[in-house]
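J.: Add chain B with the ligands to chain A, keeping to what the hints say.
One letter stands for each residue in the lines below.
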Amino acid sequence: MPRGVPREINVRILEGEGVTKYFGGLAAVSNVDFHVDEGEIVGLIGPNGAGKTTLFNLISASLVPKPGVIKFKGENITGKKPYQICRMGVARTFQMVKIFTNMPVLENVRLGSFFGTLPGMSSADIAREAAELLEFVGLSAMSATPAKDLTLANQKRLEVARALATRPELLLLDELMAGLNATEMAQAMELVKRIRDKGITIVMIEHVMKAIMSVCERIIVLHHGEKIAEGTPREIANSKKVVEVYLGEQADAGS
Amino acid sequence: MDITTFTSNKRFQIWGISLLVVLAALATLPQWVGSYYVVLLTFILMYILITVSWTIFSGPTGYMSLASAAFFGVGVYTSAILFPMTGAVLPLPLIIVIAGIISFILGLLVGALTLRLKGIYFAIFTFGLVLLIQRFLLWFEMNITATRGRFVATLDNNYIYYVMLVIFVATLLTAYFIRRSRFGLALQSIGENEEAAAHIGINVTLVKVIIFAISAVFMGAAGAIMASKLIYIDPYIAFNPLLSFMPVLMAIFGGLGQFYGPIIGAAVFAYLQEFLKTEFPFAYMFTFGLVLVMVMVFMPSGLVGMIQRLLASLKEGPQEKSTPSWTLIFSFLFGILGGLVSWFIFRERRGARVHLKVGGVVTIIVIAFYLILLLLAYLGELRSGYFGI
Ligand SMILES: Nc1ncnc2c1ncn2[C@@H]1O[C@H](COP(=O)(O)OP(=O)(O)OP(=O)(O)O)[C@@H](O)[C@H]1O
Ligand SMILES: [Mg+2]
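Protein chains in written order, with the numbering used here: chain A, 1 to 255; chain B, 1001 to 1389.
So that you can see chain A by itself, here it is in the shape it has in the complex (with noise of 0.2 Å):
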C-alpha cells in the first residue's frame, strides 16, 4: 500500500520486500525492495549475471523468492503457481523466445487467450482478438505462418502478443530488444510505448541503454544481486555508482 501518497496517484501495482534468491551459494537475487506503479514503465538494468532474469522468474513465479514477499495490487502473491500468476493479470515474455514453434502464428496468440484469461470467452470473441493483437504487433500477414519460420524480431512479436492475450495489467519484457537491427528496436521502442497507451504497466529488462533511457520513466538497477540504484534516466545517468559499475561498461562497449 502506498505510504502517504494518494492512492489515486500512485497506485502500487507490483511490489517486493527483501526479495531473494540463492542459487547454491550464490545469491542471484539479494534482499532487493522495488515497486511498481500503475501505468509505469520501468526499467530494469545490471550487467550480464546481475539477476535481472532471476528476479523476473520470481515475479512471474517460475521460482520462489526465499526469504521475500511479492505482491500484486496489494496481495500477496508469494507462493502461487505461473498459471495463477498470468491469469491474475502478469504476462512475461523471455530472454530466449519461447514461442510454440511448431504453431502457426495465431494459435500461438490464441492460446494465450485460451488460457491466460478468466473462462468464458466465445471462441469468435478470441479469434478476433487474436487477430487485432496481430495488427497491433504488425503481424497479420504473417497469420498462417509456423512460429518457427518468423525472424527473430517477428517471434519477439510474436511473443509479446503472445503475452498480450492473456489480458495482462503488468507485462514483463526480457530483452526484448537484443539481436534487433537498429529499424527493428525503434519499432519495438515504438511498440512498448503503444503498449503502455493501453493502460499496461511494463517491466523491462534492457541493455541497450538508448531504448532504456528513452523508455522508462523510471529505472533501477541491480548488480550481484543487489539494487545499487533507482530513480529516473537522469539519475541513472548522473549516477557514479551506476557508472561505474555499469555505465562505464557499456561506454566501453560502444552502446
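Keep in mind the hints are simulated off the structure, nothing from the lab. Among these hints, one or two may not hold up.
[To be verified] Calculated pairs, DSS-like style, for lysine-lysine (alpha carbon to alpha carbon, straight line, at most 27 Å):
no.	chain 1	residue 1	chain 2	residue 2
1	B	K1118	A	K98
2	B	K1118	A	K148
3	A	K81	B	K1118
4	B	K1118	A	K66
5	A	K210	A	K193
6	A	K210	A	K98
7	A	K80	B	K1118
T.: Structure of chain B with the ligands alone, referenced to chain A:
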C-alpha cells in the same frame, strides 16, 4: 469444449460418416465371419484402443509413458478378483467400470509422482511402475493369498468382442474430443514448451495428470475384458512389459502427426503381429523388431506421414528427382542382409522345409520394404541428406 472452431464442418462430416459406416460394419461383423476372425478382430481392437489411449497423453506432450502394461494389468487383476471362474462377484459391465476407475486413480497417483520428470527419466519411472506392481503382486499372491495364478470365468467370443468394441468406440471418441478441445491445445503447447505454457495461464501439472489418468481408464477397461480371454492369469501374464512398448511402437509406426495415424499403425501392426505369430512363431519377434527399427529410421513421420507425402508427390509429379544417396543403397543392402540373417536363424530352429518358407517370406518382406523405400527416393520423397549424413 467448442468443436466447431477447430474443425471445418465438412471434414467433421466426412469423418463422422465414415466412422459410422465402419462402426456399422464392425457391429454386424460377427454375423458374417467365423469365430477366428472375431477373436482376431478383438485383439486388433484392443491394440488400437491401447495405442490410441497412449497417444491421448504421450502424443502431444512427448512424454513417453511406459506405464500402459500397468494400467492394463490392473484391469486384468480387477477382473480376476471380481470375475473368477468360481462365480462372478459383480456383473461384468460394472467390473469393467471399476477397472477403469482403479486405473484412473493409479494414473492420478503415478502422474502426480512422476510427471515432473522429463524425457527418459519419465519413461524409466513409468516402466519401473509396471515391474513394481508385478513384483508386489507376485509377492502378495505367494505370501498372502497363496495363489500362484487365478482362473477367470470364460465368456462367449462375440460377447467379448462387443464389449471391446464399446470400449474401443469410447476411447476413440474421448481421444478425438480431447484432441479438439482446449485440453488438446494445452497438451500440445506443453509438448512444445512447457515453461511458456505455464506462463500463459495453463495449469500444466493439472492438465498433465488428468489427461494421463484419463488415458489410463481405457487400458484398464481393456484389461478387464481381456482377462476372460486369457482365462488363466498370473502377475507375469497380467503385467506383460511388452504391452508397455507395443503402443509406443504402434503409434510411431502409424505416425503421431494425424489423429488416425496411431489407429492405422496399430491396426496394421496388430494384424501383422497376429499373422506372424500364428504363421511364423519363431520369425515373429525378429521380423517385428527389424520392421520397427526400419520404420523409426526411415519413416520418422510414420506410415500415414509417408503415405501423405507419397500422395502429394504423385499429385504434383516427382519433385526434384534425386538419386538415392549411398546411405539408401547401404540400407537396401542391409535389408537384404537382414533377410538372409533371419533366413539362417530360422533354418536352425525348424525342420528343413518349413524354415525355407519362413526365411523366404521374411526376406521377401524385408526386400519389399526396401524396394518401396527406393521407389520413394525416386519420387523425391527422401532427398539426399535426409538421413543426416
Ligand atoms: N537456474 C539457475 N541455477 C543456477 N544458477 C542460476 C540459475 N539461473 C541463474 N543463475 C545464476 O544467477 C545469476 C543471475 O542470473 P540472471 O540470469 O538472473 O542474470 P541476468 O541479470 O538476467 O543476466 P543477463 O543480462 O546475462 O541476462 C547468474 O550468476 C546465473 O549464472
Ligand atoms: Mg537475463
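J.: Which hint numbers does the structure go against, in order from smallest to largest?
T.: As far as the earlier hints go, not one is violated by this structure.
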